[in-house]
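Engineer: Residues per chain are reported as follows:
Number of protein chains: 2
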Amino acid sequence: MNSVIDTILSHRSIRQFTEQPIEKQQLDAILQSGIAASSSSLLQVVSVIRVTDPKKRQALAKYAGNQPYVESAAEFLVFCIDYQRHYQMNPQVKPEFAELTLIGAADAGIMAQNCLLAAESLGLGGVYIGGLRNCAKEVDELLELPPYTAVLFGMCLGHPAQQPDLKPRLPADVIVHENSYQPFQAQQISDYDAKMHAYYANRSSNQKQSTWSQEVTTKLSGESRPHIMGYLNGKGLNKK
Amino acid sequence: MNSVIDTILSHRSIRQFTEQPIEKQQLDAILQSGIAASSSSLLQVVSVIRVTDPKKRQALAKYAGNQPYVESAAEFLVFCIDYQRHYQMNPQVKPEFAELTLIGAADAGIMAQNCLLAAESLGLGGVYIGGLRNCAKEVDELLELPPYTAVLFGMCLGHPAQQPDLKPRLPADVIVHENSYQPFQAQQISDYDAKMHAYYANRSSNQKQSTWSQEVTTKLSGESRPHIMGYLNGKGLNKK
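Chains as they are written, first to last, in the working numbering: chain A, 366 to 605; chain B, 366 to 605.
These are computed hints drawn from the structure, not numbers from a lab. Among the clues, some could well be false.
Since copy identity is lost for identical chains, a pair holds within one copy or between any two.
[Said to hold, decoys possible] Quick list of in silico lysine-lysine cross-link-like pairs, BS3-like style, CA-CA up to 25 angstroms:
(1) K604 - K502
(2) K502 - K605
(3) K502 - K459
(4) K573 - K560
(5) K459 - K584
(6) K573 - K532
(7) K459 - K604
(8) K605 - K459
(9) K560 - K584
(10) K605 - K584
(11) K573 - K584
(12) K421 - K389
(13) K502 - K427
Turn these sequences into a full structure, and let the hints guide you.
Structural biologist: So, in structure tokens, the structure goes:
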């Protein structure tokens, strides 16, 4: 339809990169793209830690659950919820409300997606690294995050050395509702499961026999990073 | 640099719209753009409620703190964290972890930003409406959201009837840190405050005498939607 929508619809997560660095001018454009994003009440509650220290990269790759591209990607950015700035300006601010953690997480997503799309528009590729939250406290200490600032996710960026298949998504009639919430019909999920089964069985790497509903219900049947509430609370966030 | 980055850097929030509707083909492209976004572990935990019922629009405009463009915009989308889908597939899933609310909020931001950029690339404009959380419970009931599904924010979309000035953002050297968190220097904020003072005093509407640090520290010195924790907990989310 146009190059913006084409870029958006062509998204694949890239986990293999060439050794070519990202030019400074390109990196600046990527970061400025993030900064230009909408910000709730212009609070600007997101900080980005650009990690260039090879030892820190190595540690982060391990903390993320042994994801080697965290170490090898040309750039690695860590997106953090940041109310330390506001606290530093005025110790009367009260960052402890769940509302403010919601704002931080949503605004970090908005900002980071601008960065990723800018990178993709330049022929680069990337992937979000939520796995940093496996070891939120260790990552936090490594990056010397102050109180009221919490690690949220990372992003690898670089020149792609792979071209993965497009991963099918749930159909629009499951995601989009009109005027009120509509529970899905079993057939919609069966149809999508069939599509995902074919995708998993035939994709160019990491082939497996599975369906979407199997994958996600298995994942969500266990505890989901149960240390995160304690981590956020320890940073003075998401307390009430 | 290219049309994607140009679109990103030209972002202004649009709150005045003409009466022209958004063509179905364009709306479909906007929604497909959202659906194409990265999704943490492919969980796909975001639902979008498209509100076309004029009475519901009127109610939402009021709930959002009397924002008339919620009623008048060509389209109004409500982005929700949605684990009801996964619970419907398997009642063994445990959506109550703070981790999963973080994922929902970040992924909703990522998805919604794809929608907004797609719209902006088509010459449309829009604005995020976090104000829906003023009356989260009322919005929730109006849209008949089930357990494990929570309202996060709305988005107005339409043909712009205004061209606001670009709103200055914090400079990159405050937002972006290298290898470890660096507290800002007072001068950086003073410089930005001077820029924002000039912006507030001279912008085309809603002029005022203020600075960024005044605005945000005042806003954060009060309680920030203290009902949100109870709302999320009531939906079975963000409990532990």
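Engineer: Confirm or reject each hint.
Structural biologist: Taking the hints in turn, this is what the structure says about them:
no.: 1; hint: K604 - K502; result: both (17 angstroms within a copy, 20 angstroms between copies)
no.: 2; hint: K502 - K605; result: both (21 angstroms within a copy, 17 angstroms between copies)
no.: 3; hint: K502 - K459; result: both (22 angstroms within a copy, 23 angstroms between copies)
no.: 4; hint: K573 - K560; result: within (13 angstroms within a copy, 55 angstroms between copies)
no.: 5; hint: K459 - K584; result: between (34 angstroms within a copy, 10 angstroms between copies)
no.: 6; hint: K573 - K532; result: within (14 angstroms within a copy, 48 angstroms between copies)
no.: 7; hint: K459 - K604; result: both (11 angstroms within a copy, 20 angstroms between copies)
no.: 8; hint: K605 - K459; result: both (11 angstroms within a copy, 21 angstroms between copies)
no.: 9; hint: K560 - K584; result: within (19 angstroms within a copy, 48 angstroms between copies)
no.: 10; hint: K605 - K584; result: between (28 angstroms within a copy, 17 angstroms between copies)
no.: 11; hint: K573 - K584; result: within (16 angstroms within a copy, 50 angstroms between copies)
no.: 12; hint: K421 - K389; result: within (21 angstroms within a copy, 48 angstroms between copies)
no.: 13; hint: K502 - K427; result: within (13 angstroms within a copy, 41 angstroms between copies)
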